[in-house]
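Trainee: Given the coordinates of chain B, assemble chain P onto it according to the supplied hints.
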Amino acid sequence: AQSVAQPEDQVNVAEGNPLTVKCTYSVSGNPYLFWYVQYPNRGLQFLLKYITGDNLVKGSYGFEAEFNKSQTSFHLKKPSALVSDSALYFCAVKGSSNTGKLIFGQGTTLQVKP
Amino acid sequence: SAVISQKPSRDICQRGTSLTIQCQVDSQVTMMFWYRQQPGQSLTLIATANQGSEATYESGFVIDKFPISRPNLTFSTLTVSNMSPEDSSIYLCSVVLGNEQYFGPGTRLTVT
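Same order as they appear, the protein sequences are chains B and P.
With the first sequence counted from 1, adding 6 to any position gets you our numbering.
One point on numbering: in our numbering, the residue at position 56 of the second sequence is 45, and numbering is uninterrupted.
Heads up, some of the hints might be wrong.
What the hints assert, rightly or not - Here are the simulated lysine-lysine pairs, DSBU-like style, with alpha carbons at most 30 Å apart:
1. P/K54 x B/K75
2. P/K(-4) x B/K55
3. B/K119 x B/K107
4. B/K100 x P/K54
5. P/K(-4) x B/K100
6. B/K28 x B/K107
7. B/K28 x B/K75
Note that these hints are calculated values from the structure, not bench results.
Pulled out of the complex, with its shape left as it was, chain B reads as follows (with noise of 0.2 Å):
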């Protein structure tokens, strides 16, 4: 069965410093990941998503998510940190790319401060 693991509940960070949100799945073949994010109040957005190619994937906003099969990871990453990306980041995967059955991490809350 497929899953998706976010270690964190909460990932706080000061602005301007990088910031790691963790993503770990479980999928059987090929897997296809994603990173959204969800502001208060408002709908799910998509960051980036891995296919297949680069392990490095760069996505919207300045967030980039490396592919680590051997760890079975897909953590979200950002060089330097806004407050304004304070949101809901989840992580979610699908076994193929033909099927709109996504299956999400827990989400993990991510707090910049000043």
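Mentor: Leaving out everything else, chain P in the frame of chain B:
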């Protein structure tokens, strides 16, 4: 990309009543998906709606409780029937276009 709108954006309903949520997409898509996000929780797929056929429900969700319509390639509705406070959630419509999956803004439902 796909732009998805949902109506209503939020509602407060009484126990035992039903609410129909509408989802409109600006592109024609084969499959539309309905997710639920309970308070403080992650997102869970309720069902997949294909145009011209019955929706496919995930484990734990049934058609009598969450009937879905899919009359054309750009529109779908989800009804939450005989509501109870446990149905208080955000309900999100989603589509796949290319290799990306897009979500609507959600409908925040509160059942009193």
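Trainee: So, for every hint listed, does it hold in this structure?
Mentor: Structure-based check of all given hints:
1. P/K54 x B/K75: The given pair, whose Cα atoms are some 40 Å apart, is violated under the 30 Å limit.
2. P/K(-4) x B/K55: At roughly 28 Å apart (the allowed maximum being 30 Å), B/K55 and P/K(-4) satisfy the hint.
3. B/K119 x B/K107: 35 Å, violated
4. B/K100 x P/K54: 26 Å, holds
5. P/K(-4) x B/K100: Holds, at about 27 Å.
6. B/K28 x B/K107: 21 Å, holds
7. B/K28 x B/K75: Holds. B/K28 to B/K75 sits at ~14 Å (cutoff 30 Å).
Violated hints, listed in ascending order, are 1 and 3; each of the other numbered hints is respected by the structure.
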